[in-house]
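Enquirer: Chains as they are written, first to last, in my numbering: chain W, 1 to 356; chain D, 357 to 631.
The reader is advised that the hints may include incorrect statements.
Said to hold, decoys possible - So, partial list: chain D residues that the calculated Cβ filter (under 8 Å) puts toward chain W:
#, residue
1, E519
2, E523
3, Q526
4, S527
5, V530
6, L533
7, L539
8, V542
What the hints contain is simulated information worked out from the structure, not anything from laboratory work. Ideal Cβ positions, reconstructed from N, Cα and C, are used throughout, including at glycine.
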Amino acid sequence: MPNLQLRNVDKFYGGVHAVKDVSLEVPEGEFIVLVGPSGCGKSTLLRSIAGLEEISSGDIALGGRSIVDLPPRDRNIAMVFQSYALYPYLTVYENIAFGLRARKFSDGDIERQVKWASEMLAIGDYLQRYPRELSGGQRQRVAIGRAIVREADLFLLDEPLSNLDAKLRDGMREEIKRLHKQLKKTFIYVTHDQIEAMTLAERIVLLRDGIVEQQGAPLELFERPKNLFVAGFLGSPSMNFIEVELEEGGAALRLPDGQSLAWTGSLTLAPENGEFIWGVRPEHFSVASGESSDLEALIEVVQPTGSRTFGSFSLAGTHVVAELDARTEVAADRKIALNVDMERTACFDKLTGEAF
Amino acid sequence: MNRGAKGWRLAARLACAVAVAAMFLFPIYWLAAISIKTPEEIFAYPPVWIPSGFRLDGYATLFRDGDAWAVWNSLVTAGVSTVLAMVIGFIAAYSIVRFRTGGDHLAIWIISQRMIPPICVAFPIFLLFVSLRIVDTYTGLIMLYTAFNLPYVIWMMRGFIQEIPLELEQSALVDGLSRWAVLWKVVLPMSRAGFFATAVFTFIFAWNDFLFALILTRSDVITYPVQVTGYFGSQSTFWSKIGAMSMLGVLPMIFVVGTMQRFIVRGFSMGAVKG
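Model the full structure from these sequences, guided by the hints.
Expert: Below, the structure written as structure tokens:
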């Protein structure tokens, strides 16, 4: 199965520059997730690969051959849409067989393929039903079934889980990952949900305003974000950004509310005036157990989730969330002492937002 | 609510339904009755509500004299022009919706053609037909009805096609269909109810046309409304022929509307079938 290459792809809608000079190399069999906020160009990019949008400049190649001038049907790509796009006037069987019929497969082949896909997705019992008689999750399976029956080179999934409720989404996420493992094909998955991106992807491509902000393995982006945007986008609750100042020759850090804590983190390139934005993920906080602690916080709101507890506090106007052990006794309007895992925190330039 | 009140309410509703149905059905009954009455019964006063016998003389005369061909002419012109207008209009509407053919205002411009009083264009068209030598031919009448119905078809189909989720078409394109195949295998089934409802009305417009048929036909392709008027004379009026001919004109309509009823109701109550 061939690999996919995007070279300097640009897309304009009138005066709007939706995709800006995007280059991407996807080796065969990879599960890649395009993620970003609404309007970042992720769906446009996916639809350009499918041939549903014409790119303004650049090139898209599949297996070394440019597919830019090919109509969608000649690209041998399968796609799953957000709305499932099932044909309401066809049964589940015919919906799954649709692409095979379009490609003039024999009835025997169609039957074999539909049977294989429906068994894999556990929808064998619904083949004679119409889409309106199925639940949201079942419809989604049919939509996936329609994509996998064809021997496509590439699978494109455009926010396939966003119409499902939270519980069903968790289950389907696991199934999609299992499906990728079984099929061993290239998946390109678009979502605005960072949890979907983190859990599914072998590689995340994070987009903003049509530009690739950062790409890499999920944990790489999570642990070493390139800038404030990437750091803030991944993680839930998101990373806390605290304006701090290095003092005493770099040995201590002054927080906005005047507290000082010993600085043991590494800064490869210290800012000139010592001021920078300190990125601390909620899970980098922990309740101080012994005598020593890094900072004190007056907890304002406590949100227990069962497995973890989120405590919010503010440092002179800066809202901060700490993720704490569920068994810790934390109450609102009480001061607690916290430690910070300095080595895992991130530092960003106050002006450019880039990580040091 | 007690059972008595419920019964009265039901009876009142039934009575209203019967009254309304009678109001609509009586003219058709009266027409049918005239077509089988004796001349004496037709002119009798007080009126004869129920004909004494089932006389088919009026119908027999129409078939014997060859006048019944007018119904066949109407069927051919209305039928063929409906098929043409639906095919061309459907494709044109798709083009306007999906490719924005003609920009934002083409659809309005097209429907505005329908607002011109037909009589204003009747004589220019007659002169045009004379020069093209297509007066009193199937070709001429079919062309005219097709052209005249196209704006209506395009306008209606445009609305139905707009309702179809774009992703259904895109999914079919990715799955391996050409744009043409998408048109027939996705867009047409999705807008089926609206398509047939529009076709019925298109057929009715052509079927009921009197003005153009009067001006553009003479003897070969005379249609049934023109034929009916021929029985009104200054000396005498052939009521049984008028009744029989009118019934021949009404029956196909009853058949068409009856068989297409579910599409008409669905097409015009829901706007279109949704996914």
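Enquirer: Could you run down the list of hints and mark each one as holding or not?
Expert: Do the hints match the structure? See the list:
The beta carbon of E519/D comes no nearer than 12 Å to any beta carbon in chain W, farther than 8 Å, and the hint placing it at the interface is violated. The closest approach between the C-beta of E523/D and any C-beta of chain W is roughly 4 Å, which is under the 8 Å cut-off, so the hint is satisfied. Hint status for Q526/D: holds, given a least beta-carbon distance of 5 Å to chain W, under 8 Å. Because the smallest distance between the Cβ of S527/D and any Cβ of chain W comes to about 4 Å, under 8 Å, the interface hint for this residue holds.
Using the Cβ-Cβ criterion of 8 Å, the hint placing V530/D at the interface with chain W is satisfied: the shortest such distance is roughly 5 Å. Because the smallest distance between the Cβ of L533/D and any Cβ of chain W comes to about 5 Å, under 8 Å, the interface hint for this residue holds. Hint status for L539/D relative to chain W: violated, with the closest Cβ pair at about 14 Å, above 8 Å. Among the interface hints, the one on V542/D holds; its C-beta lies about 7 Å from the nearest C-beta in chain W, closer than the 8 Å criterion.
In summary, the numbered hints that this structure violates are 1 and 7.
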